[in-house]
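As a plain string of letters, each chain reads:
There are 2 protein chains.
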Amino acid sequence: METIVVALGGNAIKQADEIGTNEEQFKNVGIACESIFKLIKEGYKVVITHGNGPQSGNLMVQQDLGTDVVPPMPMDVVGAMTQGQIGYMIQRTLQNILKKNNLDMPVATVVTQVVVSKDDPDFKDPSKPVGNFFTEEEAKKIVFEKGYILDPKPGQEHIDKKMKGHVIKKVKPTANKPYRRVVPSPDPVRPAEASAIKKLVDSQVIVIASGGGGIPVVEDRNGILIGIDGVIDKDKAGERLAEAVKADIFLVLTDVDAAYLNYGTSEQKQVRKMTVAEAKNYMKEGHFLAGSMGPKVLACIRFIEEAKGKRAIITSLDKTEDALNGNAGTTITP
Amino acid sequence: METIVVALGGNAIKQADEIGTNEEQFKNVGIACESIFKLIKEGYKVVITHGNGPQSGNLMVQQDLGTDVVPPMPMDVVGAMTQGQIGYMIQRTLQNILKKNNLDMPVATVVTQVVVSKDDPDFKDPSKPVGNFFTEEEAKKIVFEKGYILDPKPGQEHIDKKMKGHVIKKVKPTANKPYRRVVPSPDPVRPAEASAIKKLVDSQVIVIASGGGGIPVVEDRNGILIGIDGVIDKDKAGERLAEAVKADIFLVLTDVDAAYLNYGTSEQKQVRKMTVAEAKNYMKEGHFLAGSMGPKVLACIRFIEEAKGKRAIITSLDKTEDALNGNAGTTITP
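So the sequence lines, in the order shown, correspond to chains A and B. Quick note on numbering: the first sequence equals residues 1 to 334 in our numbering. Quick note on numbering: the second sequence equals residues 1 to 334 in our numbering.
Hints are not guaranteed to be accurate.
No distinction is drawn between identical chains; accordingly, a pair holds when it is met within one copy or between any pair of copies.
Stated by the list, open to error - Calculated lysine-lysine pairs in the DSS-like style (CA-CA distance at most 30 Å, straight line):
no.	residue 1	residue 2
1	LYS41	LYS99
2	LYS269	LYS99
3	LYS169	LYS273
4	LYS124	LYS99
5	LYS27	LYS146
6	LYS199	LYS100
7	LYS308	LYS284
8	LYS246	LYS308
9	LYS170	LYS38
10	LYS124	LYS27
11	LYS169	LYS146
12	LYS198	LYS41
13	LYS100	LYS118
14	LYS118	LYS273
15	LYS169	LYS38
16	LYS246	LYS198
17	LYS141	LYS99
18	LYS38	LYS246
19	LYS124	LYS177
20	LYS99	LYS246
Hints were generated in silico from the structure; no laboratory data involved. If you're wondering where the values come from, they're calculated on a predicted model, not measured in any experiment.
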């Protein structure tokens, strides 16, 4: 019985053209869970992880608007809240599909912290824009009122002792609102709840874990966990989850059906299969974009190299079955 | 090795005189977890549940203020979000205390739905006020804009097919803002994730579950789970959790140190020990108030009668150890 870790892309929960009502999100989760159910029916032990970008963005907007009456929570807590939210949506939906199919299997969401190194270079030079865009005037107001730092030089010390990064950067060269809050996106090391998750997987429980890339925490020198303001890439964190549960297959679901060479040009060509060496080569040649396919391919490479996984697959939700059979998507092998 | 389910009161996370900043909540959770750690050190297998009143209240206020830009989530999802939030706070805090004491034990939060009966009488006559208070004018505006029902007669049909109760009631006879939203507070039947939780407890994992009384769901006639707008009493839900993990002891922590006869009068007298029969008698005599000590005593009675538990204890956080030794608090026995 092979164990498969499925990393659901953001569009599996909220489509780009939706505002993100409860009904919309449950509808999308329903479609995603029908695909996942096929894996369960085929006998795979399934572990699910997912993004949380739109949900944490929405929550931070609500927090901002209510800031005069309710104290806003920092990003680690926001991450935890969206894990509860999306975990519940997936869990209930999957339980109902199993029930309809007369399959009696437990499903549970584990609130998951993901440990990152406090020496991660991203703490010195945050890379992940989050939340609303601001005009220069608005940006300066936030800097004045909240003590944020405006456009720090790379390496300049701007993360306080509590690892709270409060940085506003000009993220677009032009436009009316070019400023945005930027937070660290450190590399995940391991899920803090690895052993509990592994116990559940070993007991035939379908587990949802490490949502939104996990709640970002650093360890101090005594091993004490401290929550930080940051966002961990959910595919990289999903790979660490796959390591923790000793998965055979790591399945990255996104909005394109495969990895492409020369993506977006007239020469674009789907990659059906590549070895780790080939994938590294394509990476070097710049075929996979930093903000999109790049981290997914990197996570897949890691899964093969560091987690000693059998194969990693990148595809879209509707191609899941075909991709597992090698007839769609991109498969990365040793 | 005895299993103990600890139900943390709201004041273990947010004190009444606090606004509920992240720092305040982590400070309070720290105090609560130091008490819980003593139980772990004494060799108890610990399962933790907790309230979420102030957190869900705060989140609903933020949702209301942001309603023009972000679609608000219904109460089942709000409950799930606060489970992530508070679960993370307790989990990380307890992990850090264990680490400081060189104890290597996993801690994990399980997002928990609690099933209630769709025929629960509270769906016909909602009893739990939630959120802000309104003037008559504001109440009428909400009724007009959102289709809520104003002061329905008991039994009048006002829960729609999706089990969303949208009722505004005059909850105070006088005062400038006497109106408030009122939702059902149905009786918990069982945690939907019982088997996953039990597996973790059996594997020596310290589990946090059923937070805020659990995410309220009903089963349709085919066993399909549907989320509802409602609030389940966290002590009653904690008792169902104790049943699910076959706990020996059910420990209800609150802001008074014990149950009292004639509470609040010059005759008030602490009850150190009572049998189920005695407890029922005191209940009948009206010693335990409906909104406060009543449901706690009821949950304890159930724990002995239905879960066949050894003993149930009601006390305050600081008296935990003494109460376990019978030197403080109120112990309910068969």
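To see whether the hints hold, each was checked on the structure:
In this assembly of identical chains, LYS41 and LYS99 lie within 30 Å of each other by CA distance solely inside one copy; the values are 13 Å within and 40 Å between copies. Proximity of LYS269 to LYS99 under the C-alpha cut-off of 30 Å is found in neither arrangement, the shortest distances being 41 Å within a copy and 51 Å between copies. Neither within a single protomer nor between protomers do LYS169 and LYS273 lie at most 30 Å apart by alpha-carbon distance, with minima of 39 Å and 63 Å respectively. Only between protomers do LYS124 and LYS99 lie at most 30 Å apart by alpha-carbon distance; the minimum there is 28 Å, versus 49 Å within a single protomer.
In this assembly of identical chains, LYS27 and LYS146 lie within 30 Å of each other by CA distance solely across copies; the values are 23 Å between and 39 Å within a copy. Proximity of LYS199 to LYS100 under the C-alpha cut-off of 30 Å is found in both arrangements, the shortest distances being 27 Å within a copy and 24 Å between copies. Within a single copy, LYS308 and LYS284 get their C-alpha atoms as close as 22 Å, which meets the 30 Å cut-off; across copies the closest is 65 Å, which misses it. With identical chains, the CA atoms of LYS246 and LYS308 are at most 30 Å apart within one copy only, with a shortest distance of 8 Å there and 39 Å across copies.
In the homo-oligomer, the alpha carbons of LYS170 and LYS38 never lie at most 30 Å apart, since the shortest distance is 45 Å inside one protomer and 50 Å across protomers. For a Cα distance limit of 30 Å, the shortest separation of LYS124 from LYS27 across copies, 29 Å, qualifies, whereas the shortest one inside one copy, 40 Å, does not. Taking identical chains as interchangeable, the C-alpha atoms of LYS169 and LYS146 lie at most 30 Å apart only when both belong to the same chain, with a minimum of 15 Å there against 40 Å between chains. Both within a single protomer and between protomers do LYS198 and LYS41 lie at most 30 Å apart by alpha-carbon distance, with minima of 21 Å and 24 Å respectively.
In the homo-oligomer, the alpha carbons of LYS100 and LYS118 lie at most 30 Å apart only across protomers (19 Å), although the nearest pairing inside one protomer, at 46 Å, exceeds that limit. For a Cα distance limit of 30 Å, the shortest separation of LYS118 from LYS273 qualifies neither inside one copy, at 36 Å, nor across copies, at 51 Å. Neither within a single protomer nor between protomers do LYS169 and LYS38 lie at most 30 Å apart by alpha-carbon distance, with minima of 44 Å and 47 Å respectively. Taking the shortest Cα distances, LYS246 and LYS198 sit within 30 Å of each other both inside one copy (8 Å) and across copies (23 Å).
For the homomeric pair LYS141 and LYS99, neither the shortest alpha-carbon distance inside one copy (53 Å) nor that between copies (41 Å) is at most 30 Å. In the homo-oligomer, the alpha carbons of LYS38 and LYS246 lie at most 30 Å apart inside one protomer (21 Å), although the nearest pairing across protomers, at 34 Å, exceeds that limit. Taking CA atoms no more than 30 Å apart as the test, LYS124 paired with LYS177 passes inside one copy only; the shortest distance there is 24 Å, against 51 Å between copies. For the homomeric pair LYS99 and LYS246, the shortest alpha-carbon distances inside one copy (28 Å) and between copies (25 Å) are both at most 30 Å.
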